[in-house]
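**Q** With the hints as constraints, model all of the structure from the sequences given.
So for the sequence shown, my numbering puts the first residue at 111; every next one is plus one.
These are calculated hints, taken from the structure and not from any lab test.
The C-beta atom is built at its ideal place from N, Cα and C for all residues, glycine as well.
Keep in mind that the hints are not guaranteed to be accurate.
BS3-like cross-link-like pairs, simulated, lysine-lysine; straight-line CA separation at most 27 Å [unchecked claim]:
hint, residue 1, residue 2
1, Lys127, Lys162
2, Lys151, Lys162
3, Lys168, Lys151
4, Lys151, Lys127
5, Lys168, Lys127
Using C-beta positions, here's what the derived DEER-type ranges look like [to be verified]:
hint, residue 1, residue 2, range
6, Leu116, Cys148, 18 to 24 Å
7, Leu116, Glu165, 17 to 23 Å
8, Met119, Cys142, 19 to 25 Å
9, Arg145, Cys125, 17 to 23 Å
10, Pro113, Thr156, 16 to 22 Å
11, Lys127, Glu154, 14 to 20 Å
12, His146, Cys125, 15 to 21 Å
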Amino acid sequence: MCPVLLGPMLPRRDCNKAEYDVWCWTMLILFCLWRHPCELKGLEETWTNVFKCTEFDKDAM
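**A** What follows is the structure, encoded as structure tokens:
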């Protein structure tokens, strides 16, 4: 399965807080293994907090 990100362009890392949350969401979708969105983040978590706590495989980045 390959995720499809809809929109005019990928978000930038150097942006405001709301856009940074979307950037974190995008990086998690692209570089973490998952089958269902609930595997990436709990209901009470933010995408930014999950991203900061995630260790990415150096080869993937």
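**Q** Each hint needs a verdict: does it hold in this structure or not?
**A** Taking the hints in turn, this is what the structure says about them:
Of the supplied pair hints, the one linking Lys127 and Lys162 holds, its CA atoms being roughly 14 Å apart against a limit of 27 Å. With a CA separation close to 12 Å, the supplied pair Lys151 and Lys162 stays within the 27 Å bound. Of the supplied pair hints, the one linking Lys168 and Lys151 holds, its CA atoms being roughly 21 Å apart against a limit of 27 Å. Among the hinted pairs, Lys151 with Lys127 is consistent with the structure: their alpha-carbon atoms are about 18 Å apart, no more than 27 Å.
Annotation: proposed proximity of Lys168 to Lys127 holds, straight-line Cα distance about 25 Å (limit 27 Å). For the hinted restraint 18 to 24 Å between Leu116 and Cys148, the CB-CB distance of approximately 20 Å keeps it satisfied. Checked against the given bound of 17 to 23 Å, the beta carbons of Leu116 and Glu165, roughly 28 Å apart, lie outside it. Between Met119 and Cys142 the Cβ separation comes to about 21 Å, which falls inside the hinted range of 19 to 25 Å.
Distance hint check: the CB atoms of Arg145 and Cys125 are about 29 Å apart, inconsistent with the given range 17 to 23 Å. Range check, Pro113 to Thr156: Cβ separation about 19 Å, and the 16 to 22 Å hint holds. Between Lys127 and Glu154, the C-beta spacing of about 18 Å keeps the proposed range 14 to 20 Å intact. The hinted range of 15 to 21 Å is not satisfied by His146 and Cys125, whose Cβ atoms lie roughly 28 Å apart.
When held up to the earlier numbered hints, the structure conflicts with 7, 9 and 12 and fits the remainder.
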